[in-house]
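I would like the entire structure built from these sequences, with the hints used as guidance.
So for the sequence shown, this note's numbering puts the first residue at 105; every next one is plus one.
Hints listed in this document are in silico derivations from the structure and should not be mistaken for laboratory results. Any given hint could turn out to be false.
Pairs of lysine-lysine, DSBU-like flavour, derived with a Cα cap of 35 Å [stated by the list, open to error]:
#1 Lys291 - Lys326
#2 Lys291 - Lys134
#3 Lys383 - Lys402
#4 Lys134 - Lys326
#5 Lys383 - Lys326
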Amino acid sequence: MAAVTPDIATARRLVVKIGSALLVGPQGLKADWLRGLCDDVADWRRRRGADVVLVSSGSIALGRRVLGLPGGALTLEQAQAAAAVGQIRLARAYEEMLAPHGVTTAQVLVTLEDTENRRRYLNSRATMETLLGLGVVPIVNENDTVATDEIRYGDNDRLAAQIAVTCGADQLLLLSDVDGLYTANPKTDPDARHLPVVEHLTPEVEAMGGDPVSGLSKGGMKTKLMAARTAVSGGCAMAIAEGSVIRPLSAVAEGARVTWFLPEGDPHAARKRWIAAMKPRGELVVDAGAARALADGKSLLPAGVRQVSGRFHRGDPVTIRGPEGAALAQGLARYDSAEAGRIAGRRSDEIAAVLGYAGRAALVHRDDMAVVR
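Right, here's the structure in full:
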């Protein structure tokens, strides 16, 4: 049976990565192109009802023009200074282009540590979920102002893939200066064939990656294939598309040539498998009422917890056991072990009085839990 190709028009949660070369030209910001992209984003957000996240390059490219920095490679300090100047201009440009559509934007700056550290990962995920739930379009970029080479993604292709997995997106679109993956570099090999669909990322497919072709872009096909590996393993379909047309999302929806990488399952199931595979750092024993709530797909509230054991930090995996000791689920704790012990058995509206600050209602949220079947 032939694989079903994803349709961007039906995306429920779409992450779009914008390369620097699309957004910034010799004269600076490409305002007409950005306006067309934002017209598409507003259409997907308001008319189609999709959540949209933009992972946008361009801050360094914009900032270096303002600062008059020379062409070619920048030192780390120059790149950080350019990012600081360019990022505010980039965020303002998106805000001004989306505001006429009644779409609110937010700036989200991240580093590699924000997704590798489980506590910071949960913070990022919670923030993104809240923004999207409020109808906001987050504009995400690497925090180049403070990131060093040791804590950098280094390209926004891989950052976009990680953001897609973090927020549970079902589709990721990399807008670039190429229209997909070829069997070889089409600029140098006339026999290169375009691949419309990649069902499995085999070593042969990964060997087709090339080097960056743009003077502004840091990513090449290799980084896009690395992004594809992250996205599809997280249950997210990914497409590579040539994005220079004025309405790039509409162009893809109307049949523009792209390469689709098919997901392995769905984002929700992939996340549950990831959580279930972790080594637990502690245990929570719950009462019969909480056990029934978990079986019905509910979150674990402190009121249902009878015992806390082990030493764990916020974001660590914990096993949830029923009153008879049987494992019911594994999930990521939203409190550390000391805090969990203090609020165990308490109602959610008592948390602030017990801890001295307003915490989260759930001790383990259902989105961060894999239930034992």
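Determine which of the earlier numbered hints do not hold for this structure and return their numbers in increasing order. No numbers; nothing is violated.
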